Every structure is written in C-alpha cells, then in structure tokens.
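Q: Start from the sequences, fold in the hints, and give me the full structure.
Residue numbers (this note's numbering), protein chains in the order written: chain H, 239 to 803; chain P, 259 to 632.
I should point out that these hints are in silico values taken from the structure, not numbers from a laboratory. Careful: at least some of the hints might be erroneous.
To be verified - In silico lysine-lysine, DSBU-like type, Cα no more than 30 Å apart, as pairs:
id, chain 1, residue 1, chain 2, residue 2
1, H, Lys483, H, Lys407
2, P, Lys360, P, Lys576
3, P, Lys319, P, Lys397
4, H, Lys483, H, Lys389
5, P, Lys360, H, Lys512
6, H, Lys505, H, Lys548
7, P, Lys308, H, Lys483
8, P, Lys463, P, Lys304
9, H, Lys548, H, Lys389
10, P, Lys304, H, Lys548
11, P, Lys397, P, Lys304
12, H, Lys322, H, Lys274
13, P, Lys547, H, Lys389
14, H, Lys541, P, Lys547
15, P, Lys576, P, Lys397
16, P, Lys547, P, Lys304
17, H, Lys505, P, Lys360
18, H, Lys512, H, Lys389
19, P, Lys576, P, Lys304
20, H, Lys717, H, Lys702
21, P, Lys360, H, Lys483
Being a predicted model, the structure only gives us computed values, none of them experimental.
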Amino acid sequence: MSIGFVMLCHTALERAAEVARHWAERDCPVVIHVDKRVAKPAFDGLVAALADLGNIRFSGRFACEWGTWGIVAATQAASTIILKDFPEVRHVFLASGSCLPLRPVEDLRAYLQTRPRVDFIESVTTEDVGWTVGGLNLERFTLRFPFSWRKQRRLFDGYVRLQRRIGFKRQIPDGLVPHLGSQWWCLTRQTLSAILESPDREAIDRYFRRVWIPDESYFQTLVRQYSSNVESRSLTLSKFDYQGKPHIFYDDHLQLLRRSDCFVARKIWPQAGKLYQNFLEGGVVGQATAEPNPGKIDRLFAKAVERRVKGRPGLYMQSRMPNENWENGRTAAPYSVFEGFAEVFGNFELWLGKTAGTRAHGHLFATQRVEYAGGETVFNGAMSDSAAIRDYAPKSFLTNLIWNTRGERQCFQFGPGDKQDVSWFMAGDPNAQISVISGAWIIPLFQSNQNFGDIRREAARLQKIEADHLGILRSPWTKARVRIWSLAEFVENPMEPLQSIIDEISPRSMRRLTEAPQMADLKGFGQFLQNLRNQGMQPTLMGDFPAGEDPTPAALRRGRPYLVK
Amino acid sequence: MAAGLGTRLHEVMRRVLGEVHLPRSVSLGELPVPERSVMEAWRAYKLRWKRLRLLARAFRKRRQLRSVVDRTDRIQAGAILAFVTIRNESVRLPYFLAHHRKLGVDHFLVVDNDSDDGSCDLLAAQEDVSLWVTGHGYKQSRFGLDWMTGLQRRYGHGHWCLTLDADEILIYPYHEDRNLRALTAELDAQGLPSFGAMMLDMYPKGPLGAQHYEPGQDPIEVLPWFDSGNYVVQIQPLLRNLWIQGGVRARRFFAGEPRRAPTLNKVPLVRWERGYAYVNSTHALLPRKLNAVFDETGGERISGAVLHTKFLPIVVDKAVEEQQRQQHFANSALYDDYYRSLADSPDLWCAGSSRYTGWRQLEAMGLISRGGWI
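A: Structure below.
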C-alpha cells in the first residue's frame, strides 16, 4: 500500500520539482498539475527535470485563479490520473508546490497504515466557521459570484448586496450539507473515487462551479456523503494571517517546524534553502509514531495576529498611532498619582517607596524640571529631566515613562503648581489611580515666610487651578480610579485612606499599616484660613476648619482595633 | 499652458476658500479622520501640484548629473534598488555597501556630490553600482532629493526602492535570516506600498572622536549605544505623515527647544512608481498614501529602523567642515550651536542609554514592530 501525492503548482517550480522528486524517489507516485498561466518554457523545464522518474505524471492544465473552480477541476483531473495509473495507492495526499514534507515518508506511511479507512479533511458546517474571508459563510453556496473578489472588489460587493436585497437564493442540491475547510486533504481511494465517479457528478460540478471558493468546500462537502470515517483536520500545517492569506515559513522557522511533528507544511519561502536542505536531504530522526502537534505554532501565530490587530497597549510608535478611543489602553500599566500628600506629610515619597515597594517620583510635571525619584537627571529609556522637552509633548512624556518602566509601578506627585496639560489624559485613563487631598497645596503657603498679600494671591491662583482639575476628575468622561478627600476630612482620619490606596497598589501584601508618614504641623492653621477669609479670599477646597481650633488628627500609631461582638 | 491654468485655478480657489491654515502637528490620539469636503479636495489638489512641481524640478536638474559608470542595463525586473547621495564617505561606504548587499539590494544608484577622498573610485569599482557625479549645490538640490527623484523616476518604476544616506544602516524584523526580497514579498502580500523605519542615533560611550573605526568594520561595534524610550510621535496632518523626534540629539542638543530637534521618521523603502516624489528628505512622500506606514486602529504595522552612524569618530572633523559649507538643513544658521558642540567632542552617553543587541531588542522596546510577520 502506498500514498500518492497530487501537487498543484504555479510558482517556484524548481522547488516543487525537488519536493516531487523527494516523494517519487521514496516510492510515492506523484501527479503534478501546473497552472495554465505558467509559461510553456517553465513547464517544459519542470517536465524535463523530472523525466527520469517513472512514477511522476502531469495532468491536464487548468487556469487556477484564487477562489475559482479551476483549482477544483485541476484537483479532480490529477486525482483521476493517480487513481487510474497507480492502483496500489490507498491514500491520496493533496499538496501544493510550496509544500514541504517535515517528516520522513515512512512516518506518514506508518501513520496511515494504522488508519486505513480514515479521511483526513477539515470539514466544518457553515454555522461553525469563524475564519471566512469577506464574512460569507452559507451565502457562498446560495449566491452567485461572477466577479473576481481580488480584482473587482466593488462589483463583487455590490452584486452580493444586490442579491441580498432582492432575496435571490440558489437552490442547494438535495442531500448536500455545505461544509467548509482547509483546501489540503488526504483521502482514501474509496472516498475519493466515490466522489469522482458519482453518477450525479455532472450536476454537482455544475452547481459548485458557481459557488465562491469551491476549493474550500467541494471535497469538504462531498466527503460527508461518502466517507464513513472523517477525521476533520488537515495533515498539512498551514497558518493564515488576519487577512486570510497563508503565512510563509522561512529558514528561521527550522526548529519550530521540526518540533511541530506535522507531516507537511505550507507555504515555504522558495529561497528558504536551509529548510529545503534540512527536510528533504537531512535524515530527520523523529519519533516515528508521534502525533502531529502544531500547538506551539498555533499559539505563536495567534500572538502574531493579535500584535498586528490589537498591538501593545500603551505603546505609541512608528507602527502604531491609534486614534482616540482605539488605543486598547492609553498607557501600558497602572500608575498612581498623589495630589496633596507630599504637602500633608513631610517625607511622603520616601515613605511611599518603602511601604508600597514602588518607584515614587516627586512632581513629574513641576514647572522647573522633572523631579524623578532620587533626584535623577535621566530616567529609564534615557528620558531627560528637561521641562521643555516634557512640555513639548506631555502625553508622550507620560506614556513613555509608563512604557519604559513596565513591570514596576510608578507613583508621582501632582498638584496645582504643576503643568496641567495631562489632566484630561490621566482622567480618561483607566490605568490611573488618582488620589487627591484637595486644598493641601495651601500648607506650604501656610508654612512659608511670604507677605500675606502674596500668599493670598497665590492661594487664589492655585485654588482656581485645582478647582478646574477637580472638575475634570469629576466629569462623566473620567475613567481613572479617583478618590478625593478634603484636607479637613483627611487630617481627621489619615490612616483609612492611606490603607486603601496602599492595598490597591500592592494587593498581595495585605499588610496593616502600622506607621503613617510624618504629618505637617498644623498649629494655627484654622486661624490662618480665617485670615485669608478676612482678606477677601474664600478658601473652599480645604473643607471645614473652624477658626481658632487646631485640627487634631486621630492617633497615627494605631493600636489593635476593637472587636465588637 | 497647463501650468498657467493651474496657477489661475489656484488663485480662484484661494480667493474662494482663503488661505488654508493647519496646525503643524497633532499629538497622541488627535489625528482627525479625513473628511470628504471641499477643503479636503482643495488640499489634495494643491498637493498634486506640489508633487508635479517636485517632479518638474527633478527633470530640470537632470543635466547637473554626469554619468561615471552606468550599469543600469543590468537591472532586472523585480530587482531591489538603492538610491544614495554621498559626499566624502569613503570611510562608511565599504560597510554600507556590504550590509545592504547582504540584505539583498541588487543595484546601487549613487550620486557623488564632489567627493575628494576617493569615494568616487571606490564606487566605480563595484560591479553593482551605477555612479553619477555632480559639483552642484547640495542644498539647492533640496539636499540631493532632486537628483534622487530624477533617477528614481527613470530607473525605479515598478521596483522596490531603498533611499538612504551612507551613514544609515537599515534593519528590520528578521533581517539576519530574511532578505529584502522576503520583506517586500510580505509587504506586497499585505498590500503595503511603503515601509517605515525610524532613524536611531547610535553613539559611543566616552567623548566623540576618541574611538577607532576601521573602514569595513560594523559601525555598531564602535557605536553600540542608543536612547530607547524618549521619543515623541506626532502626526503632521497635511501629508498625514509621522513626525518623530527625540533620541540623543534631542536630549543633548535641543533640550531647550525640543520642537527644533531633528526629525527621525523615515520611509526609506517604497514600491516605486513614476509619479512619486520625496518631499522632505525621506521623511515624507507624495502622494500621501505612502506616508500611512502606521496603524490608526490600535494594531501594529511592520516597521524597521535605520541605524544612524553619524557619530563615528570622523564626525568631529566633519562638523567643522559642514558648518563652513552651510549646506545642511533649511536653516543652517540654527544648527551652528549644534555643530559647535559637536566639534567639542562631547560624551553623549548617559545612565539611561541602552546597548544595542539586535532587532529583537528594538522590538521588545517598542521601537520597531514585526506587525504580524512571523
């Protein structure tokens, strides 16, 4: 018993010849179909190159335009010859000129020997198909397609729309249940001859002639009529990209293909000399009985498709400039923005870095320079601390910072004294965790040694800026995780908010905070606010601090919580 | 006659619509979707005339070139061509030619602008080079583009054409294993007529000029460092082309005025047609569709990088010469500071610099992308 190969070729005929020779020399008859559009000298060259082999035949030539009947006609003609001329053939394997055997023929022979009645052909009902080009599944069988999808796309689409509108439907011949699947199959003599010698063949062919992409449906549908044992998968490893084009294998895929344990792969890059040499000449020693295992390749290709279609979230570069709301993530990773904390607590950045185990920057958007953690002048990715560079493209600055530090959470301070250009961008970013102690910016003014008139003016300016910023954070378009406390609220009970923020930053540590950072001294603060009011400024964002009464924060060192039973 | 009619039409349209003012660039996520409007049609019409003007200019300047060796009859159908303008590049040329030959460039079409260091003889001796020389001004020829456009129109039609400077080394995903023929076949299959490759400024550790470089050596051995994550990407809406700035030159020389920092986006590889023209170095082309090398819906297109070997030791002497010639960039005067600081041999390395290990590193860093090619 032996396997026979049917090869459909249209380019790179030298490579096809190598593969055909490989099979023929190993006692597998080969019937080659060459596309009619191939020039005569090239065809004659192929015939001459294989003239020394007695078990190679050439079949009558059809023009094989993609998606047309020609491919099926070619397959039928070549299959007929192989069944007739080589009676010892039990399985017929349909391959293309750009296929390459990955395992010795003996492996395949042994594999088929143990499965003598099995037809390997991917055959899926139209309802279950998810891969079809152009979104046409069942309609491939019920509409007419006189125009070329590749060359006359507009006519093609228009004609499909027209038929849908007027409700045109072709009758599917009785008893046929449309199935689709990969074009590359391996059928038994029994099944294949039943399809080719069917009494209804003429009518069925007439019907399929007008089906769209019949090479993916003719055998796939008919096999269900005649086969008793359909194994719905292809023995040929063939991957498709997001546009439905076959992926090409190159020299650097050698190890990947080796480990796949598949019998045949397509398409192979004609110049991939290393692949052809290794698989055709080199004695590949594998496990003779191994099942094909394309899982690893499948995952790799699924990843590639995802990169092409969805890209890497938070990355903006020469290949990827998504329009608004198409970013698939504005930034690459979650980050935390603290507003007012550095003012309330003297050593907040140090404390934060230690407690949460993250990178805690100062005011990244400070007007003078970028205050990276530790006072660095350059940061990951050679980012400069120049305020001018940052302000030239503040969004790029932020997205770069987050992208460059993937794997390490970034925290930074922000406030009304900073450049405000990124407010909207951060507010709309689900990765941002923004915690605000509103009005805290007044503490440095309170502690400063400035003239009161200057303080009042500065306070009014900052209050205006922060009010605008809070307006943005409270807008319905905000997607960031926003928490806002007024200064009065926060000072009263600082531990709860800090705990919840830290928990969110490092959820796994689940540590009770035992020590809060050093809080600024607020003695005389109520009176200070009253003085501002007396001067005609209305400090509103701080919350309620009664004049003359100093805020008394709850104990910062926390004892055991009471348990109430 | 046609030009006269065009000018008059211009005048009429300008009166009807007023001068069209556009922001020079838009940042992340703000690219407007092109609309079908009178304005848009007017813009397209103006760009068409601009393209024809560029082609006419190139045609006028064809006589500035004198052929030294013409081997263009060896160019076969489907050959991949490289177009290069050089001046005194005998140090860089050996590796430049070897690298791109290995990538699969079949023929180099080179314009030598008045070299006096033997570049001309070196090039003429190569079997796959066709060489022209000219003594005319580089700046007056749109920095060599007029000469390039003329040659591309004549020899490039229907070929994948690479347009590079001698200090540029093209790399792209899988470039060690897959040649340009494989890359261009993939681009053809994806229906992409052009390929983006941003410029990556490579620099040494230590003062410029203190290293040793032997002609023919891989320049990356001498200049292994680059800036990996400080790039600003914007879109220029008129031609809908990228505008990438950043890298070491922005960090070191333009920290005060980043908008003036050098442009780094390039479209060096194009499936050429007769009517195409580069507008501004190889940063942008007309027609506009060729600038669409990026994906706007979140996905990633395939892209590469052009490793810029400007900072080889010879840069220090060249900086002095360039400053005297005043032949670079639109505002040569603006670059005086830049050239002056280069002549002082600064150390461009910083603690955030990255050492080049290959295209996979650049891809992981998000500087280039395989864009679904696997």
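Q: It remains to establish, for every hint, whether it holds in the given structure.
A: Hint check:
For the suggested pair H/Lys483 and H/Lys407, the alpha carbons sit about 29 Å apart, so the restraint of at most 30 Å is met. A distance of roughly 28 Å separates the Cα atoms of P/Lys360 and P/Lys576; the hinted pair therefore holds under the 30 Å criterion. Note on P/Lys319 and P/Lys397: the hinted pairing holds, with a Cα-Cα distance of about 13 Å set against a maximum of 30 Å. The hinted pair formed by H/Lys483 and H/Lys389 meets the criterion: a straight-line CA distance of about 16 Å does not exceed 30 Å.
Using a Cα cut-off of 30 Å, the hinted pair P/Lys360 and H/Lys512 holds, with the two alpha carbons roughly 17 Å apart. With a CA separation close to 25 Å, the supplied pair H/Lys505 and H/Lys548 stays within the 30 Å bound. With a C-alpha separation of about 37 Å, the suggested pairing of P/Lys308 with H/Lys483 is violated against the 30 Å cut-off. Of the supplied pair hints, the one linking P/Lys463 and P/Lys304 is violated, its CA atoms being roughly 47 Å apart against a limit of 30 Å.
For the suggested pair H/Lys548 and H/Lys389, the alpha carbons sit about 28 Å apart, so the restraint of at most 30 Å is met. Using a Cα cut-off of 30 Å, the hinted pair P/Lys304 and H/Lys548 is violated, with the two alpha carbons roughly 35 Å apart. Distance restraint check for P/Lys397 and P/Lys304: the Cα-Cα separation of roughly 24 Å lies within the 30 Å cut-off, and the hinted pair is therefore satisfied. Distance check on the hinted pair: H/Lys322 and H/Lys274 sit about 23 Å apart at the alpha-carbon level, within 30 Å; holds.
Between P/Lys547 and H/Lys389 the CA atoms are separated by roughly 20 Å; this keeps the pair inside 30 Å, and the hint holds. Taking the CA atoms of H/Lys541 and P/Lys547, the gap is near 28 Å; set against the 30 Å cutoff, the hint holds. For the hint pairing P/Lys576 with P/Lys397, the CA-to-CA distance comes to about 17 Å; that is within 30 Å, so the pair holds. With a CA separation close to 15 Å, the supplied pair P/Lys547 and P/Lys304 stays within the 30 Å bound.
With a CA separation close to 24 Å, the supplied pair H/Lys505 and P/Lys360 stays within the 30 Å bound. At roughly 35 Å between alpha-carbon atoms, H/Lys512 and H/Lys389 are farther apart than 30 Å, so this suggested pair is violated. The straight-line distance between the Cα atoms of P/Lys576 and P/Lys304 is roughly 39 Å, outside the 30 Å bound, and the hint therefore fails. Under the criterion of a C-alpha separation no larger than 30 Å, the hint pairing H/Lys717 with H/Lys702 is consistent with the structure, at around 23 Å.
With a C-alpha separation of about 28 Å, the suggested pairing of P/Lys360 with H/Lys483 holds against the 30 Å cut-off.
The structure fails hints 7, 8, 10, 18 and 19 (numbered hints given earlier, in ascending order).
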